[in-house]
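Novice: In case you want the letters, here they are:
Protein chains: 2
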Amino acid sequence: MKRFLVPFFFYTLRAARGAAAPASLSELVAAAPAADWRTPDPGNLLDMDLPGGRVVIELAADFAPAHAARIRELARSGYFDGAAFVRSQDNFVVQWARPDGDPKKRTDLGKLNGEFSRALSPALKPAVLSDPDTYAPHVGFVNGFATGWDNGRIWLAHCYGMVGAGRNNDENSADASELYAVTGQSPRQLDHQITLVGKVLKGMELLSALPRGTGDLGFYKTAAEYTPITRVRLEADMLPAERAKLQVLRTEGTTFQQIIAFRRFHSDAFYHQAVGHIGLCNLVVPVRPAP
Amino acid sequence: MKRFLVPFFFYTLRAARGAAAPASLSELVAAAPAADWRTPDPGNLLDMDLPGGRVVIELAADFAPAHAARIRELARSGYFDGAAFVRSQDNFVVQWARPDGDPKKRTDLGKLNGEFSRALSPALKPAVLSDPDTYAPHVGFVNGFATGWDNGRIWLAHCYGMVGAGRNNDENSADASELYAVTGQSPRQLDHQITLVGKVLKGMELLSALPRGTGDLGFYKTAAEYTPITRVRLEADMLPAERAKLQVLRTEGTTFQQIIAFRRFHSDAFYHQAVGHIGLCNLVVPVRPAP
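Chains A and B, in that order, give the protein sequences. The first sequence begins at 1 in our numbering and counts up by one. The second sequence begins at 1001 in our numbering and counts up by one.
These aren't lab readings, by the way, just hints derived from the structure by calculation. Among the clues, some could well be false.
Taking CB as the label site, the calculated pair distances span [what the hints assert, rightly or not]: (1) A:N172 to B:L1109: 54 to 64 Å; (2) B:A1290 to A:Q257: 49 to 59 Å; (3) A:D216 to B:K1245: 39 to 49 Å; (4) B:P1042 to A:R106: 51 to 61 Å; (5) B:K1104 to A:G52: 52 to 62 Å; (6) B:N1172 to A:Q257: 27 to 37 Å; (7) B:N1169 to A:G101: 52 to 62 Å; (8) A:S26 to B:G1082: 53 to 63 Å; (9) B:T1107 to A:S130: 21 to 31 Å; (10) B:E1242 to A:L239: 18 to 28 Å; (11) B:N1168 to A:Q257: 49 to 59 Å.
Every residue gets a Cβ at the ideal spot worked out from N, C-alpha and C, and that includes glycine.
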C-alpha cells in the first residue's frame, strides 16, 4: 500500500538540515516545552456528546464575547441537550439546532449584534504568516485561532473546523441557538460577515463525515436523517474527571514558529521541489491530551 | 430554521444592480447559452459505481496524458472492479486501490514519470483570477480545471474534488493503480509534487462522507471498514444510455466570467460588506445533466 501523501505529522527532514533539525513534525511537537502548551479555560470549552463520541469546542471569547456568553447560558440551561444536526452541505458546513417543530425550540432569545471583528490591540501579538492570502491583507494566529487583520481591526477566519452562529439577512439577527462548523474548503468569503464563535478542538471527524443532506443547502429532508446531540455541557460545570482534558499548542510560542517554518519548507524526501509557502487554513494547531 | 449560509446558488443580487443583472447565481447559470456548455469526451470519463451511487471523474488528459492512458487501460481491464476505499483521512483525502493481500493486486505495472506541470501554450487561454494566491504567482481555470502557472509552466491545483495518483518518495514512482481524491481544505503544498489526473464531476458527497479511518494517515485498520467499488468503466466503453450524460460549464466562456464577477462581488442582501475577492479553490465549476 502506497502511503504517498505524507501529511503534517510524518515528514522527515533531509539529513542535510543538520542534527539539530527535528526528523519530523511529530518530533517537533513532541519536543515542545511544557510552557508552549496551554490548557484552555473550562469556561470556554463546550463538550458536545453525539452517539459516535465527543466533540470539544473552544469558544473564542476574546473575539465574540456576547455570543460566547449566550452559548454558555444556553448550554447551562440544557438547551442543546436533545438538539440535532439538521444540515450537512457537502464541501461547506454542518449545522445544529433545535429543529423546526421541536417544542423546546426557543424563538424568544434576544438577537445579538454581529461580532465580526475587534480592535487589533498590541496585546494580541499574532503569529504572522508571510505568504499572500486571497482574502485578507494580513493573516496569522492569535491564541490558537486563524485570523486576518487590516486597518486596526482583526477577525477570525473561516477555516476548517471553525464554528459560527447562523443568522438571517439582517447582520444582527443571530441568537446563537443555531451553530455551524466548517467541513469543506474554507469559505473565507464569510469572514467578517458572520460571527465566528469558536473552533472544534477534537471530534471534527464526527461532524465532517455526517451524510450529506439532500434538501436545499444540504438540509436533511426528514427528521429521521438527523444526528441527535445527547448533551452539551460547559467544562466549567463538569467534574474535572469528566472533562476532555486537552491542551493546545500556544501559537505565540517558539514551537509554533518552528511549525510554520517546517510547513513552509517542506523539503523532505517526499517533496522533490521546495514549496516555500503556507496558507492560513492549511496550518493545523496541534491539540493533545493533557499529559 | 435559519438558512443563513446562503451558498453559491442562492445569492440574490441587490436590485440596485439593475434589471439586467441576474437575481441569483442559479439564474446566471440557467441563462448560459448552449455554447457555454461542453460535453466531456467519453474517453476521459470514468464512471465509478459504489454501493451508494455513482461517482463520475473527468480525466485531465491535457495535463497528465500518460497517467490518463494508464487509468483507461486499468479501467478497461476491469482492474478497479472489486477495488475498495482503503483510506479516509479527515480534512485531507480518500484513497482507493486493490488492498494489500488482494490476489488481483498488480505490482508489475510500469512506473510513470511524474506529470507535474506542462508547457503553458497560448492555446490554453486560462480564465485568470486577479486576487493573490498563497501558492502560485498566477491562477485561473483551463478547460474546467483549477490551475496555477509561472515561468511558462502550468499545473493543476489540489482543490476539493481533484483526483491524483499516489506515489512513494521517488517522484516517478506512481503507477496509477492507487488514486486519491481531495476531501478537505485544499492541500496546495502538493501542487506539482504529485500528478493530478482528474476531477470528480459528480458524487463527491459519496467520497467526502466516508467514515474516517482510525489507522495512521487515515487508513482503515480492518478490511471490514473498506467501502467496495463495484466497478469502474470508461464512458467510451458504455452504451450511450448507460452514461452519466453530464455537461460542464466552459471556463473559457462568458458565463464563467460572470460567475467570477458574481462571486467576487457578493453584494447581496446577506453580505453586509463587499467581499471583493475570490479564491481559486472557492470557485466551483457548474456541472449539469445534459438537457
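Novice: For every hint, state whether the structure bears it out.
Specialist: These are the hints, each one checked on the structure:
{"no.": "1", "hint": "A:N172 to B:L1109: 54 to 64 Å", "in the structure": "60 Å, holds"}
{"no.": "2", "hint": "B:A1290 to A:Q257: 49 to 59 Å", "in the structure": "53 Å, holds"}
{"no.": "3", "hint": "A:D216 to B:K1245: 39 to 49 Å", "in the structure": "24 Å, violated"}
{"no.": "4", "hint": "B:P1042 to A:R106: 51 to 61 Å", "in the structure": "54 Å, holds"}
{"no.": "5", "hint": "B:K1104 to A:G52: 52 to 62 Å", "in the structure": "33 Å, violated"}
{"no.": "6", "hint": "B:N1172 to A:Q257: 27 to 37 Å", "in the structure": "35 Å, holds"}
{"no.": "7", "hint": "B:N1169 to A:G101: 52 to 62 Å", "in the structure": "55 Å, holds"}
{"no.": "8", "hint": "A:S26 to B:G1082: 53 to 63 Å", "in the structure": "35 Å, violated"}
{"no.": "9", "hint": "B:T1107 to A:S130: 21 to 31 Å", "in the structure": "44 Å, violated"}
{"no.": "10", "hint": "B:E1242 to A:L239: 18 to 28 Å", "in the structure": "60 Å, violated"}
{"no.": "11", "hint": "B:N1168 to A:Q257: 49 to 59 Å", "in the structure": "31 Å, violated"}
Comparing the model with each earlier hint shows violations of hints 3, 5, 8, 9, 10 and 11; every other hint is respected.
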